[in-house]
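K.L.:
Those protein sequences? They're chains S and D, same order as listed. For the first sequence, the positions run 6 to 219 when our numbering is used. For the second sequence, the positions run 2 to 622 when our numbering is used.
Treat the hints as calculated values from the structure; they're not laboratory data. One thing to keep in mind: the hints can contain errors.
[Claimed, not checked] Computed footprint of chain S on chain D, listed as stretches where at least three residues anywhere in the stretch have a Cβ under 8 angstroms from a Cβ of chain S:
| no. | segment |
| --- | --- |
| 1 | 253-261 |
| 2 | 294-308 |
[Claimed, not checked] Derived lysine to aspartate or glutamate pairs resembling EDC-like cross-links, with alpha carbons at most 20 angstroms apart:
| no. | chain 1 | residue 1 | chain 2 | residue 2 |
| --- | --- | --- | --- | --- |
| 3 | D | Lys18 | S | Asp26 |
| 4 | D | Lys10 | S | Asp167 |
| 5 | D | Lys10 | S | Glu217 |
| 6 | D | Lys34 | D | Glu69 |
| 7 | D | Lys84 | D | Glu535 |
In this text, a Cβ means the ideal position worked out from N, Cα and C, and glycines have one as well.
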Amino acid sequence: MTTVRIWFEKRGEAAYISLLDLQRVMHRALKRSGLPVWYTLGFNPHIYLTFACPLSLGQESLCESCDVKTEAEPLDLSGWQDALSACLPRGLVVKRVAPVGDKAAAIAYSSYAVTMPATAAPLLEAYNAAESAPVTKKTKSGPKTLDLKAHLPKIEYRQEEDTLYLLLCLPAGDGLNLNPALLLEHLKTYGELPIWQCSILRTGLYKADKTEFC
Amino acid sequence: MSDFSAQFKQALSLVQKPGRYTGGEPGCIFKDKSKVDIRFAFCFPDTYEIGMSFLGEKILYELLNQHENWWCERAFMPWVDMKAEMERLSIPLYCLESKDPLRDFDIIGFTLEYELCYTNILAMLELSGIPLRAADRGEDWPLIIAGGPCVCNAEPMADFFDVMQLGEGEQMLQDICAEVEKAKKTGLTRLELLQNLAQIPGVYVPAFYDVHYLPDGRIEAITPNRPGVPATVTKAIVKDLDAFAPPKSFVVPMVGAIHDRASVEVLRGCVRGCRFCQAGQLYRPFRERSPELISEAARALCHNTGYDELSLTSLSTSDHSQLESILDKLNAWATCDHVSLSLPSLRVDNFSESLLQKTTQVRKSGLTFAAEAGTQRLRDVINKNVSWEQIERTCTIAFREGYTAVKLYFMMGLPTETMEDIKGIADTAQQVVDLFYSNPDRPKGKGVQVTASVACFVPKPDTPFQFCPQDRREALKEKQRYLLSCVRSRKIRINYHDSATSVLEGVFAKGDRRLGNVIEKAYHNGAFFDTWEEFFNYDRWMEAFAACGIDPDFYNYREIALNEITPWSHLDVGVSHAHLVREYQKALKAEVSPPCNRQCSGCGANKLLGGPCFDYGKDLV
Ligand code: SF4
Numbered sequence: 006m007t008t009v010r011i012w013f014e015k016r017g018e019a020a021y022i023s024l025l026d027l028q029r030v031m032h033r034a035l036k037r038s039g040l041p042v043w044y045t046l047g048f049n050p051h052i053y054l055t056f057a058c059p060l061s062l063g064q065e066s067l068c069e070s071c072d073v074k075t076e077a078e079p080l081d082l083s084g085w086q087d088a089l090s091a092c093l094p095r096g097l098v099v100k101r102v103a104p105v106g107d108k109a110a111a112i113a114y115s116s117y118a119v120t121m122p123a124t125a126a127p128l129l130e131a132y133n134a135a136e137s138a139p140v141t142k143k144t145k146s147g148p149k150t151l152d153l154k155a156h157l158p159k160i161e162y163r164q165e166e167d168t169l170y171l172l173l174c175l176p177a178g179d180g181l182n183l184n185p186a187l188l189l190e191h192l193k194t195y196g197e198l199p200i201w202q203c204s205i206l207r208t209g210l211y212k213a214d215k216t217e218f219c
Numbered sequence: 002m003s004d005f006s007a008q009f010k011q012a013l014s015l016v017q018k019p020g021r022y023t024g025g026e027p028g029c030i031f032k033d034k035s036k037v038d039i040r041f042a043f044c045f046p047d048t049y050e051i052g053m054s055f056l057g058e059k060i061l062y063e064l065l066n067q068h069e070n071w072w073c074e075r076a077f078m079p080w081v082d083m084k085a086e087m088e089r090l091s092i093p094l095y096c097l098e099s100k101d102p103l104r105d106f107d108i109i110g111f112t113l114e115y116e117l118c119y120t121n122i123l124a125m126l127e128l129s130g131i132p133l134r135a136a137d138r139g140e141d142w143p144l145i146i147a148g149g150p151c152v153c154n155a156e157p158m159a160d161f162f163d164v165m166q167l168g169e170g171e172q173m174l175q176d177i178c179a180e181v182e183k184a185k186k187t188g189l190t191r192l193e194l195l196q197n198l199a200q201i202p203g204v205y206v207p208a209f210y211d212v213h214y215l216p217d218g219r220i221e222a223i224t225p226n227r228p229g230v231p232a233t234v235t236k237a238i239v240k241d242l243d244a245f246a247p248p249k250s251f252v253v254p255m256v257g258a259i260h261d262r263a264s265v266e267v268l269r270g271c272v273r274g275c276r277f278c279q280a281g282q283l284y285r286p287f288r289e290r291s292p293e294l295i296s297e298a299a300r301a302l303c304h305n306t307g308y309d310e311l312s313l314t315s316l317s318t319s320d321h322s323q324l325e326s327i328l329d330k331l332n333a334w335a336t337c338d339h340v341s342l343s344l345p346s347l348r349v350d351n352f353s354e355s356l357l358q359k360t361t362q363v364r365k366s367g368l369t370f371a372a373e374a375g376t377q378r379l380r381d382v383i384n385k386n387v388s389w390e391q392i393e394r395t396c397t398i399a400f401r402e403g404y405t406a407v408k409l410y411f412m413m414g415l416p417t418e419t420m421e422d423i424k425g426i427a428d429t430a431q432q433v434v435d436l437f438y439s440n441p442d443r444p445k446g447k448g449v450q451v452t453a454s455v456a457c458f459v460p461k462p463d464t465p466f467q468f469c470p471q472d473r474r475e476a477l478k479e480k481q482r483y484l485l486s487c488v489r490s491r492k493i494r495i496n497y498h499d500s501a502t503s504v505l506e507g508v509f510a511k512g513d514r515r516l517g518n519v520i521e522k523a524y525h526n527g528a529f530f531d532t533w534e535e536f537f538n539y540d541r542w543m544e545a546f547a548a549c550g551i552d553p554d555f556y557n558y559r560e561i562a563l564n565e566i567t568p569w570s571h572l573d574v575g576v577s578h579a580h581l582v583r584e585y586q587k588a589l590k591a592e593v594s595p596p597c598n599r600q601c602s603g604c605g606a607n608k609l610l611g612g613p614c615f616d617y618g619k620d621l622v
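With the rest of the complex left out, here is chain S (with noise of 0.2 angstroms):
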């Protein structure tokens, strides 16, 4: 049996497709194209499927991953993609199809690319000057201050037109995973920055050493 990691993007209305709503999505769809994955045994089978590092809803993605099992011998994976897109919902595009290369837990970091309106652009000046930026993390043993710029000293962006620019790098994984969206919380603290003109697309995923998850 091979696992096998399906990249796919996630982008537009299908932002808002929820972790357990994608599960559904990604079953039937497998289901519908008719690949030979594999299906748990027992009383109700169903597709053995996980999700690595999933995003939070409203954020895009260039990079999302799910993996599944087959038993296909020999394991031909070129078809897979095109059959596979044609049964997602706009929105889902599958961009690759490749036995699985790391474990899930090897993601370390992960990297996005932000907007935000220019009229943010004194509120990343003042999170620069700042000395420290602590935020409030809800995890599984409750809430946990932490200090951002520990993890992300400085923050570069380019404007153009009205639009800033912005090209994140931050913890994520099992260890400790940062969601840029404390950093827009936290930046409400300089002054005011309506959330909903910001925009959150994750370009990539990295490994302790900084090389891409594969």
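Based on these hints, arrange chain D with the ligand on the given structure of chain S.
P.N.:
Frame of chain S; chain D with the ligand shown alone:
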């Protein structure tokens, strides 16, 4: 598609389950709007989760979209939080596919599934910026139409709609769209269009009828106010169900719907003639789909949607004359396609062991029986052909098969009901408990759980009980108390609902046009989502009645004389008045009537088919 407006994104970021408002589900249809002639907004006046569970919408969505130059899209009632955000941010109600506001559409169709959603319709019109009353809408507004079971007495909503559809929409709705397309292309006025639409079988244009009242408030006459309009509108039906294949694809919701599975309608109508049941009368006569078509469509549907659960739906699926053949055909592919079957409406009287096995290969859920009344006498009154012996036989089989939970459905407030009948509900539940413990083959080491779910009976138009007054709230409360006092076992659970919503349901079911004012008043005073207990406010409604000078009791607590002209007397669902009177009189004598497939009771619905409903020469079940 990612260019959601800033306002829209803002609203989405502030509400629960934003996925209900974004559309783009698998199976949803996108077209180029510059290339379509008719844009149809199919509106369901309740939440996305509920609306996406209705089969009717899926049937019509597929039928309309099969026309290349028509585009049918969907809209639902936004939940309270989203409604507030849309109002605050001036986002007009839009359809999920194109995100275009409703007022850009040619036709807006609402489905009227239950009476308590009427205020939601007004809310959806107002969110769209569309004038509520048909009389206030000029040439340029979309045509606002209605369909669904409540159209059988459409009168309380008559002022708000341009067109209402009585009966089944498969053909009728396509004919309406074709007329609208023609009218657009030839530049007809709204009035000319309505006159053409009124010629389509089943189409009711409320503005073309005048209602005259007697001094005491009863109706004197309902008459067409212009030539060329039929005096009575006769419902449209699909004569041959096999002429319309069931949908082979659904829009598959991503945010879980209530019924989130593939479903195929196996038959329409019901042979039973239960006297309390409106659906049983409205969908007459009984028509079946062939096993081949059912199996083919079901397989295609599961394949196209990815659903792994299939249900066969209808008012009474096990009355299909070829049910075993259907199940055999489905079982031939279901397992290898990873699909499990469920049959929601099994009946106690023809529930066989082999049937039970065919449907429970996968899952043993609870067993449900609609006994409806607690004594044989009252079951005869309502013509519910279920006897204790049948319940006993079925439970015996089911307990042996491993079932341990039984749910029994009852009603209270039925005509001729006495406290003896109420006690009968508790007695029946107790008998089921006793049956379990006296069964040597019962599942070992497990107890039984019997739930009796007791609804308040609401007399409905087009049924033999339309003449009856509804039981008052105080009487129902007393019956509920008495029922609880009759229960002796901890294995029995009684569920019942507050009767306040049933009161309104009764008033609107049998109401007339004058109630339009009340609905609008209540809406303006904040009523919407009335089906949701947390938003339903009985006093607000009573204030609206008082403000409009209308006595609600006149509609639901008054006995209707057998020769009275009802508000729905010009809307003919096929069942004759004479039949209703006959059945009512038999009911009062506790005399039963046979099911249609054994013997015709002459209700008149066969005229819709143009021949007898059944071939009684054949050897029928
Ligand atoms: S005409 Fe006869 S068989 Fe047909 S629906 Fe009416 S009672 Fe039943």
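K.L.:
Now tell me if each hint is right for this structure.
P.N.:
Going down the list of hints, with the structure as the test:
1. Interface restraint, the segment 253-261 of chain D with chain S: holds (4 residues with C-beta to C-beta distance below 8 angstroms; minimum three).
2. With 5 residues having a beta carbon nearer than 8 angstroms to a beta carbon of chain S, the segment 294-308 of chain D meets the requirement of three or more and the stated coverage holds.
3. For the hint pairing Lys18/D with Asp26/S, the CA-to-CA distance comes to about 11 angstroms; that is within 20 angstroms, so the pair holds.
4. Proposed proximity of Lys10/D and Asp167/S is supported: the alpha carbons are some 18 angstroms apart, at most 20 angstroms.
5. Using a Cα cut-off of 20 angstroms, the hinted pair Lys10/D and Glu217/S is violated, with the two alpha carbons roughly 31 angstroms apart.
6. At most 20 angstroms may separate the alpha-carbon atoms for a hinted pair to count; Lys34/D and Glu69/D meet this at roughly 11 angstroms.
7. For the hint linking Lys84/D to Glu535/D, the alpha-carbon distance of about 16 angstroms falls within 20 angstroms, and the restraint holds.
Consistency note: the structure conflicts with earlier hint 5 alone.
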